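Below, each chain spelled out in residue letters.
There are 2 protein chains.
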Amino acid sequence: MDPKAVAIQFRDFYYGIFDTNRSQLQPLYRPSSMLTWEGQEFLGTESILEKLTALPFEKIRREITTTDVQPCGDDGILIFITGALIIDDGQPIQFSQTFRLKQESGSFVVANDIFRLNLG
Amino acid sequence: MDPKAVAIQFRDFYYGIFDTNRSQLQPLYRPSSMLTWEGQEFLGTESILEKLTALPFEKIRREITTTDVQPCGDDGILIFITGALIIDDGQPIQFSQTFRLKQESGSFVVANDIFRLNLG
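Here the protein sequences line up with chains F and X, keeping their order. FYI, the numbering for the first sequence is 350 to 469, going by our numbering. FYI, the numbering for the second sequence is 350 to 469, going by our numbering.
These are computed hints drawn from the structure, not numbers from a lab. Heads up, some of the hints might be wrong.
The list treats identical chains as one, so a pair stands whether inside a single copy or across any two.
Unchecked claim - Listed below are the simulated DSS-like cross-link pairs for lysine-lysine, each with C-alpha atoms no more than 30 Å apart in a straight line:
| hint | residue 1 | residue 2 |
| --- | --- | --- |
| 1 | K408 | K353 |
| 2 | K400 | K353 |
| 3 | K451 | K353 |
Bear in mind the structure is a predicted one, so any value in this text is a computation, not a measurement.
Bound-form chain F, shown alone:
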């Protein structure tokens, strides 16, 4: 497997769903998945989806600036993304996000997910 190809494919797939219909992200998480969203911690598919679907914005556009990828452990992939979010036609807000993907039954799921807006 080519970690970079997997990472780019995952990124485009994930954000494609995130930016249009967040409830459909459910198959990408597992009971052991962890999300830290702006410092708030969530464990497991249900808790993560509850957070993501409750986010108070409807329409998102996204401009990706950088995508860094490293293999991680035996069959994992670490992805570090920076870019800008345009929420409900507002001003672009910088964000960064780290994912660790792991393989499960032949497909990749999100083991770790850390998201931050960079308001500095």
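Go by the hints and put chain X onto chain F.
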């Protein structure tokens, strides 16, 4: 082990050395360690140290804004840090950095290291 306590201790130790004497970071990397620095990729202690010691700045101050921590795999720790660098008394520059630490012979070493300046 408390991943958050380890992460904070590592962060302060690592940046304390980085900001004063980068060549002393050598014991924290391994032949399998990976660094992606502003998109450039380095594998292994020697290659990573060569890059870090060649960085063209002398004096760094650092202001940490956020530190997010998650356990990662069996005995790993994922750390995501945002903050600002003040290089040679210049203007603060935002940065973000992701580390994955793993345990080796009872101490933590850097398995993955991804660094980006956020100039957006």
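Each hint tested on the structure:
1. K408 x K353: within (28 Å within a copy, 34 Å between copies)
2. K400 x K353: Classified as both: same-chain Cα gap 28 Å, cross-chain 22 Å, threshold 30 Å.
3. K451 x K353: Both: 14 Å inside a chain and 22 Å across chains, each within 30 Å.
Consistency note: the structure conflicts with none of the earlier hints.
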